[in-house]
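Make one complex out of these two single chains by using the hints.
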Amino acid sequence: MNSLRIGFTRGEGVKFISHLDLMKVFERAIRRSNLPIAYSQGFNPHPQMVFGLPLAVGMTSECECADFELTEEIAPGQFMERLNKSLPEAIRITAAAHKSSKKNIMASIAGADYVLEIFSDEDISFHTAKQRVGSLLNRESIKVLKEAKGKDRSTAFREVEIRPLILNIELEPIECRPEGYEIFQSAFVIKAGFKAGSEANLRPELFINALCEQANISVVASRIHRKALYVCVGGRMIDPMDEAALI
Amino acid sequence: MQVILRDELLQSVEKPARYTGGELNAFVKNPAEVDIRFAFCFPDTYEVGMSHLGMRILYGLLNERVDTYCERVFAPWIDMEARMRENKIPLFSLESREPVGNFDFVGFTLQYEMSYTNVLNMLDLAGIPLLRDDRKEGQPFVCAGGPCAYNPEPLADFVDFFMMGEGEEIINEVMDAYKQWKSEKASRNDFLNRIVSIEGIYVPGFYSFSYNEDGTIKAFEALREGYPTKIRKRIIGDLDSVYYPDKMVVPYLSIVHDRTTLELFRGCTRGCRFCQAGFVYRPVRERTPARLKEMANRLQDSTGYEEISLISLSTSDYSGLPELTSSLLDDMEAKKVNLALPSLRIDSFSLELMEKAQKVRKSGLTFAPEAGTQRLRDVINKGVTQEDLLNSVGLAFKGGWNGVKLYFMIGLPTETMEDVEGIAVLGKKVVDEYYQVPKDSRNRRLEVTISTSSFVPKPFTPFQWEPQDSMDTLREKQSYLKMRIKDKHLRYNWHDPETSFLEAVFARGDRRTGRVLLRAWELGCKFDSWREHFKFDEWMNAFEDCGIDPAFYANRKRGYDEVFPWDHIDVGVSKGFLLRENGRAQQEEITPNCMTSCSGCGVASFGCGICIDYQGRKGGDGDE
Numbered sequence: 001m002n003s004l005r006i007g008f009t010r011g012e013g014v015k016f017i018s019h020l021d022l023m024k025v026f027e028r029a030i031r032r033s034n035l036p037i038a039y040s041q042g043f044n045p046h047p048q049m050v051f052g053l054p055l056a057v058g059m060t061s062e063c064e065c066a067d068f069e070l071t072e073e074i075a076p077g078q079f080m081e082r083l084n085k086s087l088p089e090a091i092r093i094t095a096a097a098h099k100s101s102k103k104n105i106m107a108s109i110a111g112a113d114y115v116l117e118i119f120s121d122e123d124i125s126f127h128t129a130k131q132r133v134g135s136l137l138n139r140e141s142i143k144v145l146k147e148a149k150g151k152d153r154s155t156a157f158r159e160v161e162i163r164p165l166i167l168n169i170e171l172e173p174i175e176c177r178p179e180g181y182e183i184f185q186s187a188f189v190i191k192a193g194f195k196a197g198s199e200a201n202l203r204p205e206l207f208i209n210a211l212c213e214q215a216n217i218s219v220v221a222s223r224i225h226r227k228a229l230y231v232c233v234g235g236r237m238i239d240p241m242d243e244a245a246l247i
Numbered sequence: 248m249q250v251i252l253r254d255e256l257l258q259s260v261e262k263p264a265r266y267t268g269g270e271l272n273a274f275v276k277n278p279a280e281v282d283i284r285f286a287f288c289f290p291d292t293y294e295v296g297m298s299h300l301g302m303r304i305l306y307g308l309l310n311e312r313v314d315t316y317c318e319r320v321f322a323p324w325i326d327m328e329a330r331m332r333e334n335k336i337p338l339f340s341l342e343s344r345e346p347v348g349n350f351d352f353v354g355f356t357l358q359y360e361m362s363y364t365n366v367l368n369m370l371d372l373a374g375i376p377l378l379r380d381d382r383k384e385g386q387p388f389v390c391a392g393g394p395c396a397y398n399p400e401p402l403a404d405f406v407d408f409f410m411m412g413e414g415e416e417i418i419n420e421v422m423d424a425y426k427q428w429k430s431e432k433a434s435r436n437d438f439l440n441r442i443v444s445i446e447g448i449y450v451p452g453f454y455s456f457s458y459n460e461d462g463t464i465k466a467f468e469a470l471r472e473g474y475p476t477k478i479r480k481r482i483i484g485d486l487d488s489v490y491y492p493d494k495m496v497v498p499y500l501s502i503v504h505d506r507t508t509l510e511l512f513r514g515c516t517r518g519c520r521f522c523q524a525g526f527v528y529r530p531v532r533e534r535t536p537a538r539l540k541e542m543a544n545r546l547q548d549s550t551g552y553e554e555i556s557l558i559s560l561s562t563s564d565y566s567g568l569p570e571l572t573s574s575l576l577d578d579m580e581a582k583k584v585n586l587a588l589p590s591l592r593i594d595s596f597s598l599e600l601m602e603k604a605q606k607v608r609k610s611g612l613t614f615a616p617e618a619g620t621q622r623l624r625d626v627i628n629k630g631v632t633q634e635d636l637l638n639s640v641g642l643a644f645k646g647g648w649n650g651v652k653l654y655f656m657i658g659l660p661t662e663t664m665e666d667v668e669g670i671a672v673l674g675k676k677v678v679d680e681y682y683q684v685p686k687d688s689r690n691r692r693l694e695v696t697i698s699t700s701s702f703v704p705k706p707f708t709p710f711q712w713e714p715q716d717s718m719d720t721l722r723e724k725q726s727y728l729k730m731r732i733k734d735k736h737l738r739y740n741w742h743d744p745e746t747s748f749l750e751a752v753f754a755r756g757d758r759r760t761g762r763v764l765l766r767a768w769e770l771g772c773k774f775d776s777w778r779e780h781f782k783f784d785e786w787m788n789a790f791e792d793c794g795i796d797p798a799f800y801a802n803r804k805r806g807y808d809e810v811f812p813w814d815h816i817d818v819g820v821s822k823g824f825l826l827r828e829n830g831r832a833q834q835e836e837i838t839p840n841c842m843t844s845c846s847g848c849g850v851a852s853f854g855c856g857i858c859i860d861y862q863g864r865k866g867g868d869g870d871e
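Protein chains in written order, with the working numbering: chain L, 1 to 247; chain Y, 248 to 871.
By construction, these hints were calculated from the structure, which means they are not laboratory data. If you're wondering where the values come from, they're calculated on a predicted model, not measured in any experiment. A few of these clues could be false.
Stated by the list, open to error - Across the chosen pairs, the derived CB separations fall in these ranges:
| no. | chain 1 | residue 1 | chain 2 | residue 2 | range |
| --- | --- | --- | --- | --- | --- |
| 1 | L | Glu179 | Y | Asn277 | 45 to 55 angstroms |
| 2 | L | Lys146 | Y | Met248 | 38 to 48 angstroms |
| 3 | Y | Glu809 | L | His46 | 52 to 62 angstroms |
Just so you know, even glycine gets a beta-carbon here, dropped at the ideal spot from N, CA and C.
Chain Y on its own, in the form it takes in the complex (with noise of 0.2 angstroms):
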């Protein structure tokens, strides 16, 4: 059954084209034919959700199955939220506008914490119980992925189950497994019995918790004999021959990321201490030059979209950069479709690419150091220095930039007021390189703009042991940097802690802080990340109706041999490598790249990608 939308509910609400579906390239299927029902949900509006790579991929994926439907929902505004309820709508899908309580699976990508609440409150929509222990035979199974999925407890009471990595083969043998079991009308229960084996699959409810006096994890265990104990997260070892979408919807209102996407690689060689990403899509894999021109083609042809974008964690360090970008800029321009290149390191060549590549105008250009001196950025192995900051402004500012965004964090590890005036002492050095280039070779009106986040500590990382600082002592570092920030080109932007706050409670939250999230939600907590629908006083008193320390989780340092919550899950990195990794941060000491040498994190064991390729460069993994 259909829900129907009338006109003069869609016309009282912003953006009614949010939920109105039926765009190019959008599957159309007829339910009644298919054998599962899938929800792709996404827990943030349409515009934010459709610019996500990972859910295009398995949208198209799971429908390239005959048997299999997969429909898209994303979380109704506030607006439409209010209309839905007033009228009985529950959640419903874009493609066949059904029911969500009535599919088979209710999936949800999990790519920032401060979009729980959101989760909860799909479900709500759908009808759907919020706990899992609630839901009875034939409803539909909620199940979860994404980066913040390698720590499921925070939503472990809500989720039937996880799929930890990559998506693209796990969720087809999910979809295999559904369509035996239901065939044999078997229980709830005896589905999850019979996925639990399968790699990458975490079935909390299989499992349980037991706490020490003093807060901490004593034990994760298994309820029956027979249950995986350790979790290994999924991998695609040859990224050229995994499915990748031919078409990907083209929606009619504007979305964050509005272009066609290529992906060029997964992974990070580079091993930046305080980022997660960095070490959970370890190892680095590639696809040749030759796969992903066949990918820009198809896609352009399916989308028509004006602007092409190559994307990966750091762009730079494509091996086949050079082959690929010359060939796509010949064979786009005649078509008048733009190539855009974000997160590329700024050297000449990379200069030159984007003069010919963007016809953007030369304002802004983004740099992130991170930290403000070289002690702190040896610290976290950001393997930048201060000279080729400098360079690299420096070309920019010849080549008619006049505008420069640096990138900071502040709280890392072992920071001084003095890495704090070290943002401020880079920033006027970056003004007066600009002043170094001849008046006649530089553009007018200079200006740098310094932004500070607050920094995060995220479970598989070295650092995934260290406090947060507390919320005084950021704003504190905020006011300190404020006052040091003095020349007239500077501006300085910096992040409210509170969100950060929050996003380290459940960053590393444990099962207990699930309820959290449901009181929170039952205050009315929803869209977290949008500024205007933030509620931190509320965040504050459901805490403290559940009688749960917040600075437990955040702001607390562990011990070294502290049980964490994610240690039953597997990302490939070991956690002696981080621990090392964590010793050698507190030396200032930094780690080479994966392209230079391999350090043994772990990874090597998945037998794919950069670990292959560079071995005898420099021994093998030699984890313990």
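Isolated chain L (complex conformation) (with noise of 0.2 angstroms):
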């Protein structure tokens, strides 16, 4: 058997696709590209991948993975070529290689990186928000609501912490607008690290919701873009992409 792990990134015109939808796509292009994919045994022989984190509808990335398994080595950059000319031009694979742990991409993700764009209908100061952020930041615990799909598919809502799974925040001004949004009285950047992955994981909605609630900043619109994803390793977090990760 011959893995590979690809990374990958997923741009505007896929942003509000599942992830389930998104597996498809890949699925689909596989059977494009004629790759020598391994099918799962069985009664609906699916294409042997795993992938890292699901990114949430409505978001972009720059660093998504997954992992293939082959059923004939084949040169990382070919693969990655091949598999680029079947894809959505929403979808493009920026980095491949061989991949010799055993280890599941999506349990070994620890942690990630996020661009938060958000936009207030209140007019805040640069350096309003930096103070309200700042306060928000420097308390011992953070707690917001969770909603939580019950067995019965009812929505209920249980109070989670999430102070320890904010691993750093940087609070921008924005440069420039994107279309459609200028309407909104002010607006900043985000660069956020949060804890990621099976163990701990705090989705950045949650995160504005805190920002909304106890930081007295009303959100009313925002753009989140995935920026990096990073993989424990000996107790370090690297790239996904990184040689030991491969290893």
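Shown next as structure tokens:
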């Protein structure tokens, strides 16, 4: 068996498709490319591929990753080129490498960096915003309500502690507003590092809720971009495409 | 100018990918570099519209032209419509995201009557005047086609022109005429005058109706000499050489029919007397297996779909089926592609084929006897006997299937309570057939589902003169049947008669019923085929407000000499033949299918398909 890991981007054109639908996009791209992907056994054979942390509907990313099992040896560069030809423009593979680590990419993710563009209908100066975010982060505990779907599909809310999940936050003024966002009074960029993955995960929307409810920054619109994913190897957070993560 | 859809708006609606386009194989053109912009509108959701083969064909065909950009438009779901209206966002196309009101053509495909209010709603969202008389120079031409266009009158006040029949040729002729007209900067009316003589074009504004005192039509008249008074449908003689797309848009979200579709043939030889498709798509014209294989491979390479589906009105009747399927199964196996086979008649060949082709659970097989007794099946010319059905289900049970769905209609002409009871009796016989199979060779947990829909008399069928049962009668028959279905393995599903009633009104509606559509839309009716949005009371209010009695259209027995709203449309099948067929139905006489002998329906005048292939088998086209 030959395993490859790829890094890929998800642009504006595919930000509103679900993780499940993204998997179908890859499945069909693989079939179009005729790449030698291994299929699962059984009733309904599926290509053997595992994706990193699912991206929520509405976000873009430059750092998604996935592992593929192949039935034949193929150079990573060639794999990347052929699959890119078959994928829609809005998804681009940017890196590919051999992987010998048995660790499942999905289970290895430990952290993520995001760029949040936030827009407010109040006129808040950069200085004021910085103060408000700063005082929020100075707290030892930040509790927010998180939506949890019950077994009977009912929606319940439970309180979760998010402070320990926030690794770093930087507030910056926005340089250039996207088309259609001129109507808002103020806009900022937050560069954020959160814990991510199956053990502890902070979704960016929850942090934005905390800004609204507890930092007095009324966010009425936001755009979220994932900048980086990390896996934890030997206590260090590293890029999933890094050699150390692949071996 | 593109419309701007901010993220928070798209995030607030269900399935935002319905509105964002950019799918694989969608056409990307620079709108500034084309002469003609065509908004192809499907008056239902993205998932329903994207599943429609006709749209996929014409979308590809129009975009083959370098002078034309055809873009897709679907009805925004209720949540999206609300956000669009709040934010003053007009109806836009998926490709360029530009307002539909700026296009040259806004074309609707009419697949079912219950989508008509969505046509009006989409025009309104686009900022296009609903009534054709209110449209001004520079506004788009609104056109329509599809099976419901064969009775165009209910939409005649809203549509500038209709295209009758298969669209592959006529739409190019219209585009050519438009390009010429546009370069000459002539008037709106001038364009319609140029195309009115193209075969298959119907310009409703060039004609008027007068009525008798009893409400029936007195006459249909052209407003000027020279306008054609018979509008003949268009048809493609040779399906092998006609355009078929090499690539199809692959949606990001799951749609209703999410697979590669191969159209085996058009038309149907069977002549079931209730079935409009069986008459209006005549004659049968097949593609060759060689052409289909070529199409299949190209489409698989361009889409990567996991399933390929063979479609037609009656797949078992395709003469090249064994050759085609065995070759497709070989080709597709290696690519991990499944073969889907809808509308197969069940026999040992098809069961074996299904076994090989579809890796489906052996749960449900569908049969459509349509009527419960042999007498009534003869009336509707459904060439299926009880023996056929029981043999088929027996084979299926032996093959391991344990679920059977049986489709019937209630309210068919001449139906009695005995016929209704026959449905329950036939259901029970299917159950008995299961117990005939030895225990060790049948699967456990039998489930037989009986579904009844309500008969809707349609134009261009032998039953176009017949009344629909009243809603009360239909309900009575349903509850009678409910009582008669007793076996614990039998389940019964039925349709609410309200929708069928409205279908019956608009299927055979005249030009005056357009006012009801408009009024119903004003009262908030839309997405009428979606149960959760169907507002029957508002429909009844609309009829009342317009002073129109729906029963006049749905429940009235028509005289044989009555002028119908669709009499000026020529689908090739003659009214005389339909009348003869109506007589044979009353006599409980069956009519052989076109493979056995020619019954002289009139479509041989098209000079193609089965009418030619089977010439000499028996007689010619002996219609009066």
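Okay, the hints, checked on the actual structure:
no.	hint	result
1	L:Glu179 to Y:Asn277: 45 to 55 angstroms	violated, 19 angstroms
2	L:Lys146 to Y:Met248: 38 to 48 angstroms	holds, 40 angstroms
3	Y:Glu809 to L:His46: 52 to 62 angstroms	holds, 59 angstroms
In terms of the numbered hints stated before, the structure departs from hint 1 and from no other.
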